[in-house]
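Enquirer: Sequence:
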Amino acid sequence: NVLDEKHEKLFEAAGSLDITVLDCQKLITIEDDVGIACWTYNHATKEEKIIVGPEGLELTTRHLEFVLRHELLHKYLFKGYSLVLHDHTLMNIALDICINRVLYDEYKEEFEEFCNVIYGKYPGNRQNPLVLAWAGIDPSTIEDEKLRTLYHKIWKTKHNPSPKALYYTLLEHGVSEREMIKVEGLDPFGIPVKGKDRELGNQKGGKTQKNGEGASDEEEGKGTAKGGKKSEGDGQLKTGEQNNAGDDKDIEHGDASGEGDKSDKEDDKKGFGKSGKDKVEDKKGSGGEGTSGYRRQIPSEGLEDTNTEDKFEKKAINTLGKKRQGDGFSAAVSKWFETIEIEKKECATSDVEEFIKRIETTDTLDEVATRITSAIIYDTRVQFYPYRLTRAGYVYVNTGISDLLHRYYNRSSDRRKPRLNIYVDTSPSMWNFKEKEVFLIERFRDLFPTTFYVFAGEVKEFLIDDFIKGKYPMGASTSFDSVIEHFISSEAECAVIFTDGESSVNRDNSKRVLEYRKRLFTVYFNGTYSKDISGHKKVQSDLDGISEAVMQIDVPLYA
Numbered sequence: 001n002v003l004d005e006k007h008e009k010l011f012e013a014a015g016s017l018d019i020t021v022l023d024c025q026k027l028i029t030i031e032d033d034v035g036i037a038c039w040t041y042n043h044a045t046k047e048e049k050i051i052v053g054p055e056g057l058e059l060t061t062r063h064l065e066f067v068l069r070h071e072l073l074h075k076y077l078f079k080g081y082s083l084v085l086h087d088h089t090l091m092n093i094a095l096d097i098c099i100n101r102v103l104y105d106e107y108k109e110e111f112e113e114f115c116n117v118i119y120g121k122y123p124g125n126r127q128n129p130l131v132l133a134w135a136g137i138d139p140s141t142i143e144d145e146k147l148r149t150l151y152h153k154i155w156k157t158k159h160n161p162s163p164k165a166l167y168y169t170l171l172e173h174g175v176s177e178r179e180m181i182k183v184e185g186l187d188p189f190g191i192p193v194k195g196k197d198r199e200l201g202n203q204k205g206g207k208t209q210k211n212g213e214g215a216s217d218e219e220e221g222k223g224t225a226k227g228g229k230k231s232e233g234d235g236q237l238k239t240g241e242q243n244n245a246g247d248d249k250d251i252e253h254g255d256a257s258g259e260g261d262k263s264d265k266e267d268d269k270k271g272f273g274k275s276g277k278d279k280v281e282d283k284k285g286s287g288g289e290g291t292s293g294y295r296r297q298i299p300s301e302g303l304e305d306t307n308t309e310d311k312f313e314k315k316a317i318n319t320l321g322k323k324r325q326g327d328g329f330s331a332a333v334s335k336w337f338e339t340i341e342i343e344k345k346e347c348a349t350s351d352v353e354e355f356i357k358r359i360e361t362t363d364t365l366d367e368v369a370t371r372i373t374s375a376i377i378y379d380t381r382v383q384f385y386p387y388r389l390t391r392a393g394y395v396y397v398n399t400g401i402s403d404l405l406h407r408y409y410n411r412s413s414d415r416r417k418p419r420l421n422i423y424v425d426t427s428p429s430m431w432n433f434k435e436k437e438v439f440l441i442e443r444f445r446d447l448f449p450t451t452f453y454v455f456a457g458e459v460k461e462f463l464i465d466d467f468i469k470g471k472y473p474m475g476a477s478t479s480f481d482s483v484i485e486h487f488i489s490s491e492a493e494c495a496v497i498f499t500d501g502e503s504s505v506n507r508d509n510s511k512r513v514l515e516y517r518k519r520l521f522t523v524y525f526n527g528t529y530s531k532d533i534s535g536h537k538k539v540q541s542d543l544d545g546i547s548e549a550v551m552q553i554d555v556p557l558y559a
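Note that my numbering gives residue 157 to position 157 of the sequence shown, counting from 1, and the numbers run on in steps of one.
If you're looking for bench data, these hints aren't it; they were derived computationally from the structure. Since the model is a prediction, treat every value here as computed from it, not as a measurement. Backbone N, C-alpha and C define an ideal beta-carbon position, used for all residues, glycine too. Hints are supplied without guarantee of correctness; some may be wrong.
Lysine-lysine pairs mimicking DSS-like chemistry, simulated, CA-CA at most 25 angstroms apart [claimed, not checked]:
1) K469 / K436
2) K434 / K471
3) K471 / K26
4) K9 / K49
5) K121 / K9
6) K108 / K9
7) K460 / K434
8) K49 / K6
9) K75 / K49
10) K49 / K469
11) K49 / K26
12) K469 / K75
13) K108 / K121
14) K156 / K146
15) K121 / K146
16) K518 / K460
17) K460 / K511
18) K469 / K26
19) K158 / K6
20) K153 / K108
21) K75 / K108
22) K471 / K436
23) K469 / K434
24) K537 / K436
25) K75 / K518
26) K518 / K471
27) K436 / K460
28) K108 / K49
29) K146 / K158
30) K75 / K9
31) K460 / K26
32) K49 / K471
33) K471 / K460
Per label pair, the in silico range of CB-to-CB distance [stated by the list, open to error]:
34) A476 / K156: 42 to 52 angstroms
35) E112 / S489: 50 to 60 angstroms
36) E458 / E172: 44 to 54 angstroms
37) L171 / T29: 33 to 43 angstroms
38) E548 / V117: 54 to 64 angstroms
39) E548 / S504: 11 to 21 angstroms
Could you build all of it, start to finish, from the sequences and the hints given here?
Expert: Spelled out as C-alpha cells, the structure:
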C-alpha cells in the first residue's frame, strides 16, 4: 500500500505534464538511495531514467511536478555542453540556474515557494553557488559578495541568461569547483545525504578528503581512480587504484550543493544528480579509462548544435510551450512574452511581404488540415439490425436478451472513423518544413487512430512524441515506392504523405493503389523566397495520379 501511495503521487505529478501511466513506468522509477531526484544514462543499454527518491516523494504533488519539469528540461537541454566544457559541475550549476529562471518567469510565486522549500531548509545553501538558482531569495542574505553580485546580475535583468555564457561568467568571477564549491554532506536541495560516509577520490591525481572533515584527513582514494571502472547497470563507481601524483587542491567534487566533500557514488545520485564528473574522463594525471554508464549526463550520440549559448531561452520556451504527449510538458507555459526596446525606422515593403507570407503559410496549413479532415470523415455507418424482426427477435430486443446473446445489439447509427496512416518524408530537403509537418500531424492525431511513419529510402514507424520534441530521423534518399507498398499492405484505409515531391512511383504500385481502393492524400511543401517569383513553382510527382487530393504549401525561406 505504501508503494501504491508513492506511485499514485508520482503518477499524478507526471500526469500534469501529460506523461501517461505507461510512459511514466518506462521513464521514471523510485529508488531509496536517491535524495530528491536525478536522471541516469547507461551507455551499454542506451537506457535513460529519471529516478525519484524518498525526499522527492515527500514533497507535495505540485512541488514534485516542478522537480520533474526541472529534470526533463535538464535532460532535453543539455545539448552537448559536456563535450565542450571542462568543468561539468559548474556546467550543471549554470544549467540549473538557467532552467530555474525559465520556470520562475512562468510560475512566479509558486516556484518561489518551491525553491524556499527545497533550498531553504538549511542555511548552508545560502553560502554556495547553488544559491544562484534560488528564485525569490533576498540577495542581502547572501554573505559572499561574489555570489551576491552574480545573483543580481542573473535575476534582476530582463533577459534570461544562456548556460554557456553563464558558465564563463561564473569562471570569470572565480566560481569554480576548487575555489568555491565545498560539499558538506548536502545534496543540491540542501537535504542531508544519508547512508555510510564514503571518500572522494581525486580524479586528477592527489589525496582525498573524508566527508565534512576538510583537507587534513587524507586517505587513499576509492572513487575515480587510475584503472577505475564503473558498473554497467547503474553507472556507479567501483573501487579502483588511486593515482596519488598531484596536488591536494585539485580535488574535483562530485556534488555542487553544500559545503564539504562527498563521494562520486553518493553525489551522482543525490538531489538533481549534480555530479562533478558525470563520467570518468581520460584527462592528464588521471589515468582514467572511461566508463560504461553515468548519471546526469546527456548521451554523446546525436548531440548537435553545441554553439547554443544564444539559443537557450528559445529552446527552453519551445520545450515548455508545446504540449507533449508521453514525456513532455503541459501547454500551461505557452504564454511567453519578451519586452524589447525598439526605435522608429523606415520599413521596407519587402519586410511587410515576408511577414504577410508567414501569416498566409499558417492559414494554408489550417486550410489543408481542414480539407483533408473533411474529405476523410465521411458518413460510414455501422449496420443496423433488421427492421422486420421475427416474433422471437422482438422478444430478444424487448427483454434485453439480445444484449446478452450479442444479437440485434446495434440499434443506433454512428460514424466510424477510418484508420489513417501518416507518412513524413525526412530526406535532407525536408528539413526546413519540419515544424509545419508537426502542426499538421498534431491536427490529424487528435481526430483519427493514427500510426505515424517516417520515410526516406525505407519506411520506419516513429513515435509522434519524439518527432514533436525535435528528434528528426534524417534519411539520405527518398522512395515513394516503399511508402506505397507499406500503405497497401497495411490495414489503413487512408494515408497522408508529406513530401517535397522528389521521387517517383512505378506503374505496378500505382495500379495496386487503385485496385485496393486505398485513399491517398498528398501534401507538397515548397520553399519560396519572397523576392524570387520563380520560387512559387507548382510541385508535381507520380503521386498526383493516385491521390484523391493534392495540396501545396509554400513556405517562405530566408537566407
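Enquirer: Hints broken by the structure, by number, lowest first?
Expert: 19, 25, 26 and 28
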